[in-house]
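J.: Mind docking chain D on chain A? Use the hints.
There are 2 protein chains.
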Amino acid sequence: MEYTAKIKVELKTGMLDPEAITIEKALDNLGFKASGFHTARLFTFKIEADTTEDATIQADLMCKKLLANPVIHNYSIEVIR
Amino acid sequence: MEYTAKIKVELKTGMLDPEAITIEKALDNLGFKASGFHTARLFTFKIEADTTEDATIQADLMCKKLLANPVIHNYSIEVIR
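Chains as they are written, first to last, in numbering that gives the first Met the number 0: chain A, 0 to 80; chain D, 0 to 80.
Watch out, some of these pointers could steer you wrong.
With a cut-off of at most 30 angstroms between alpha-carbon atoms, the simulated DSBU-like pairs for lysine-lysine come out as follows [to be verified]: (1) Lys-11(D) / Lys-5(A); (2) Lys-7(A) / Lys-64(A); (3) Lys-24(D) / Lys-45(A); (4) Lys-63(A) / Lys-11(A); (5) Lys-64(A) / Lys-64(D); (6) Lys-63(D) / Lys-5(D); (7) Lys-24(D) / Lys-7(A); (8) Lys-32(A) / Lys-24(D); (9) Lys-24(D) / Lys-45(D); (10) Lys-5(A) / Lys-5(D); (11) Lys-24(D) / Lys-63(A); (12) Lys-7(D) / Lys-63(D); (13) Lys-24(D) / Lys-24(A); (14) Lys-32(D) / Lys-5(A); (15) Lys-63(A) / Lys-32(D); (16) Lys-63(A) / Lys-45(A); (17) Lys-7(D) / Lys-32(D); (18) Lys-11(A) / Lys-7(D); (19) Lys-64(D) / Lys-32(A); (20) Lys-24(A) / Lys-32(D); (21) Lys-64(D) / Lys-24(D); (22) Lys-7(A) / Lys-32(A); (23) Lys-64(D) / Lys-7(A); (24) Lys-64(A) / Lys-63(D); (25) Lys-64(A) / Lys-5(A); (26) Lys-64(D) / Lys-63(A); (27) Lys-11(D) / Lys-24(A); (28) Lys-5(D) / Lys-24(A); (29) Lys-64(D) / Lys-45(D); (30) Lys-45(A) / Lys-32(A); (31) Lys-11(A) / Lys-32(D); (32) Lys-45(D) / Lys-32(A); (33) Lys-45(D) / Lys-5(D); (34) Lys-24(A) / Lys-64(D); (35) Lys-32(A) / Lys-11(D); (36) Lys-7(D) / Lys-45(D); (37) Lys-7(D) / Lys-5(A); (38) Lys-5(A) / Lys-24(D); (39) Lys-7(A) / Lys-45(A); (40) Lys-32(D) / Lys-32(A).
Derived by calculation from the structure, the hints in this document are not laboratory data.
Bound-form chain A, shown alone (with noise of 0.2 angstroms):
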């Protein structure tokens, strides 16, 4: 069965987001009030599997594997029918 796989990737708290303290200097320079901003990255996929559980389990072993990196980032998986 085909499953969608949706993953979101995040730095952990407390790790350095360069990306996210320059887009919030450009913003306030553009004359714009955002704090406390905050950046992850976002994969939709498609998955064969089984069953929902078997999905779920591929799409953890990507994470670890390749689409981030257990040591600075947070993740998670959301696998649809």
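T.: Positioned in the frame of chain A, the structure of chain D alone reads:
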């Protein structure tokens, strides 16, 4: 009042997504079967505004001026009190 804005920026349909192609190839090399890979960026931040509408207008302007390139990107805005 302080509102939380969540902005999702993704490439328009038909735009080349080299990052997605590279990840899909890498996953294939690792023995995973994933297809239809799609990447997006997620920005979360706080805005000072009087109403939800005002916060949404501000967030929309931020997208147009800095966070997204309207020529190649689609973006969606979610504002929570």
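J.: Holds or violated: Lys-64(D) and Lys-32(A), Cα atoms, limit 30 angstroms.
T.: This hinted pair holds, its Cα atoms lying about 14 angstroms apart.
J.: Is Lys-45(D) within 30 angstroms of Lys-32(A), Cα to Cα?
T.: holds, 9 angstroms
J.: Is Lys-24(A) close enough to Lys-32(D), meaning Cα to Cα at most 30 angstroms?
T.: Violated, at roughly 41 angstroms.
J.: Can the restraint linking Lys-5(D) and Lys-24(A) be considered satisfied, given a maximum Cα separation of 30 angstroms?
T.: holds, 18 angstroms
J.: Can you confirm whether the C-alpha distance between Lys-64(D) and Lys-24(D) stays at or below 30 angstroms?
T.: Violated. Lys-64(D) to Lys-24(D) sits at ~34 angstroms, over the 30 angstroms cutoff.
J.: Holds or violated: are the alpha carbons of Lys-64(A) and Lys-63(D) at most 30 angstroms from each other?
T.: Violated - the C-alpha atoms of Lys-63(D) and Lys-64(A) are around 35 angstroms apart, more than 30 angstroms.
J.: Does Lys-7(D) pair with Lys-32(D) here, judged by a C-alpha cut-off of 30 angstroms?
T.: Holds: Lys-7(D) and Lys-32(D) sit about 26 angstroms apart, inside 30 angstroms.
J.: Given the proposed pairing of Lys-7(D) with Lys-5(A), does the C-alpha separation stay at or below 30 angstroms?
T.: With a Cα-Cα distance of about 13 angstroms, the restraint between Lys-7(D) and Lys-5(A) holds, given a limit of 30 angstroms.
J.: For the pair we were handed, Lys-7(A) and Lys-32(A), check the Cα-Cα distance against 30 angstroms.
T.: holds, 26 angstroms
J.: Regarding the pair Lys-64(A) and Lys-5(A), is the alpha-carbon distance no greater than 30 angstroms?
T.: It holds: about 16 angstroms lies between the C-alpha atoms, which stays within 30 angstroms.
J.: CA of Lys-5(A) to CA of Lys-5(D), is that 30 angstroms or under?
T.: holds, 16 angstroms
J.: Checking one constraint from the list: CA of Lys-11(D) to CA of Lys-24(A), max 30 angstroms. Satisfied?
T.: Distance ~27 angstroms between Lys-11(D) and Lys-24(A) Cα, so the pair holds.
Hints 5, 8, 9, 13, 20, 21, 24, 26, 30 and 40 from the earlier list are contradicted by this structure; the remaining hints agree with it.
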